[in-house]
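Participant: Quick mapping for you: the protein sequence lines, in order, are chains S and G.
Okay, so the first sequence: first residue is 1201 according to the working numbering, each after it adds one.
Okay, so the second sequence: first residue is 390 according to the working numbering, each after it adds one.
In short, the hints are calculated from the structure, not lab data.
Treat each hint with caution, since some may be false.
[Claimed, not checked] Pulled a few chain S residues facing chain G out of the computed Cβ check, cut under 10 Å: (1) 1228; (2) 1232; (3) 1298; (4) 1299; (5) 1300; (6) 1302; (7) 1389; (8) 1393; (9) 1397.
For every residue, glycine included, the Cβ atom is placed at its ideal position computed from N, Cα and C.
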Amino acid sequence: MFTLKNLRCENLSECILTKELTKKFGEVEALRTLDLNVEGGIFGLVGPNGSGKTTLNKILVGALKADSGESRVFGFDCWDESFEVRLRVGVLHEKASFPKEANGFDFMVFVGRLRGLSKTEAKTTATTLLDWIGLGNDSSREIKGYSAGMKQKLNFVQALVGRPQLVILDEPTAHLDPFARIQLLEKIRELHKEYGMSFLISSHILPELEEICDHVGIVYQGTVIEQGRLEDLARKYFANTFEIVAADPRVLFNKIKDLTIVREARIVDNTLIVKVSDPREFYDMMMQLTGKGFSELRITQRTGDKLKEIYKAILNTSEE
Amino acid sequence: MKKRRRLTAPIRIAISLELIGFFILLGGFGTRELQSIGGPLIPPDSYISNIVDLKKGQALTVNLHADDMVNLYIMNKRQFEEWKNSGQVDAFIVARNITQYQLSFSAPFTDIYVIVFDNTSSSLEKNTGDTEWFVSGDDYEMVGTGVLSLLAGGVIFLLSFLRTPTANGKGDQIVALSNLMPGKFSANASRFWVVFKREAKFVVSFPILELLVLISSYVFLQSSSLFFGGYGGLISFPTEILLTGNAVAVFVQGSLEIYFVLSMIIVAALIPYSVTAERESGTTLLLLSHPLRRHEMLLAKLLAVFLIAWSSMFFPSALFTLTISARYGVIFPFSLYLVMAISTCLLTMIYSAISLVFSVLADSTLVASLCSFFTFFLWRFMPEIGASQLRIASYSHQIRVITSYLFLEMVPDLRETGMLLGNIGFQEFISIFTTLLVIVALTLATSFILFNRRDIK
């Protein structure tokens, strides 16, 4: 697709590793002994506003110095060896500010030169990437005249120059229209599949993350409270939850709602979702019901739930 | 985990100490201490004495300017007491009935010496307005400090190889040191050049710069024309002109005076604009997210501003000189331009280095600009405060001294000028020049260390 310089990769299996990372801004504790282990792929970082996602991203590229703890990207220390890290990492910062005087093409060529490309390579890369993201016709316009969405697209492609092994994206779909969002997510998937690029994506838009991420980390009050594959998390947090499809779910709902082992029951899209205290006993009870007028029952343990619900469940657990 | 291939803290400290020691050592040789500028009024039938503590071999230089005849003596304390009691003059130097006098006296032994301006045989008050004296010689405390710094650096350097750091093997230190050498030079230079070009374009786009260049040209043309007797419109050349060596000397000094003030404004505006404003806007974060070292970026910014600030002031001056040359058929020696270039270059370096510290520290462009400007302003207009104790306080005076030296050395046709400061020796020139370079080096080192450590939000 685009010709970019290859970089030597020392340790792809250990993309990001942080241990007991802390960072304070005055009295505000942005990160509290944050531990994170990302082994490549597409990793989503979710958390409420002010939970420390942006601070973490900035520490990873050496813009901020952690007060204590360790942070490494591909084995390089993020502060002492930040240059080595940045050779291998591309970043899309939230609310990025571009040089006022430059146009899109010149800026991309400048970034290419910083990334060690020759003048010709940098120009070719700039043209290819700008066309690829749909800014080809606006490449000669000054960036200050770009719309917020166009700036975000430029912000995205500048992070890809030099084909970094890891791309850190902080709110990548902010300011984009729905079509551009879908397009951007497809491009992320394409880059991962075609070129093996890894991504760390911080976002508030959970359905988007759910769509493209293999793994997620939940950040809450400056610490990663949970991380892992989406299915594993769902299994962990919804082990006691069943989805029951019945001919008439409301009748079944009335039948079981007062059972002592049922903690919570609700109907979503004609499916009865039940959370119980003892899954085995509940399952046995359901089996007995099949012979008593509920012949159409289909019971499954809930596994691949929406990230939104996993997120809610984890935050609720954490707050408790 | 990959092995680190970077210099450990002890080696970095050692290299810094070696550099600092080298500069201090250079500065220590042939230092020059300004004791006083401007003489007092001497009442009738009276005298004024000045006590100077001299070590053996140190030189005392006196430049006397009086409006009427006085006597000048240089004695030690015992001779001075005898003269006071008996009126008999027994002195190392005796100069009678002089109005202008320049001497250089080398102390035969370490003692307290007294410079006496004697007006006892006159009934008139005498004014010694432009009198000054200097003590010069090697500053052994500075030399000692320099040597100690070099030794300490060497010891730390050797010791750092005795222990194997946890992350760095001994071999890695060699690799790290070799990384500083030309092997990686090409890639670093290429990146630096790209950033430098970008910074230069960025600074040139600063609208106030164009305005300042216009103002500087105008002010320069106006005030320079004063030295040739004409004043009026935008370019008011005199109809008659008598170009003497003095006129040219005053011209150069006058142009430097204007440069002192205008370069303050230019540097105080441009460095914060380039460093602090970009950080405030967030562009620095974007740039530093790519493979660009912080010190490379700061150096590129500094160099771009320095060259633009310097050239925006030097070239109008040179242009004006060429205009005068063409208008009146006077040929100025080429070395005159060179003297102006070197002096203005040194001054811009000092201003840039100081402004860079504020720009790195401050979070607001306005604060950085104001701090820079007022520091220049105070420093420039109060150069004599603490001059003898803290030589860096009189940097503008020192630049003038350097200019004088260069002027007299490099523009031989104009040696006879009496308008410049006193002649100084090569050693003193090197000493002052080195001192100024040390100020620049230390200030820049402070800025780079601070910038490397600060968070980029």
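Participant: Against each hint, give a clear statement of whether it holds in the structure.
Facilitator: Hint check results:
1. Because the closest C-beta pair between residue 1228 of chain S and chain G is about 13 Å apart, greater than 10 Å, the hint is violated.
2. Look at residue 1232 of chain S: its Cβ only gets to about 18 Å from chain G, farther than 10 Å, so that hint breaks.
3. A distance limit of 10 Å between C-beta atoms decides the matter here; for residue 1298 of chain S the minimum to chain G is near 7 Å, and the interface restraint holds.
4. Because the beta carbon of residue 1299 of chain S sits about 6 Å from the nearest beta carbon in chain G, less than 10 Å, this interface hint is met.
5. Look at residue 1300 of chain S: its Cβ gets to within about 8 Å of chain G, closer than 10 Å, so that hint holds up.
6. At its closest, the beta carbon of residue 1302 of chain S sits 8 Å from a beta carbon of chain G; the interface hint therefore holds under the 10 Å criterion.
7. Taken as an interface hint, residue 1389 of chain S does not check out: its beta carbon lies about 23 Å from the nearest beta carbon of chain G, beyond 10 Å.
8. The restraint placing residue 1393 of chain S at the interface with chain G is violated, with a minimum CB-CB distance near 25 Å, outside the 10 Å limit.
9. About 16 Å separates the beta-carbon of residue 1397 of chain S from the nearest beta-carbon of chain G, more than 10 Å, and the hint is not met.
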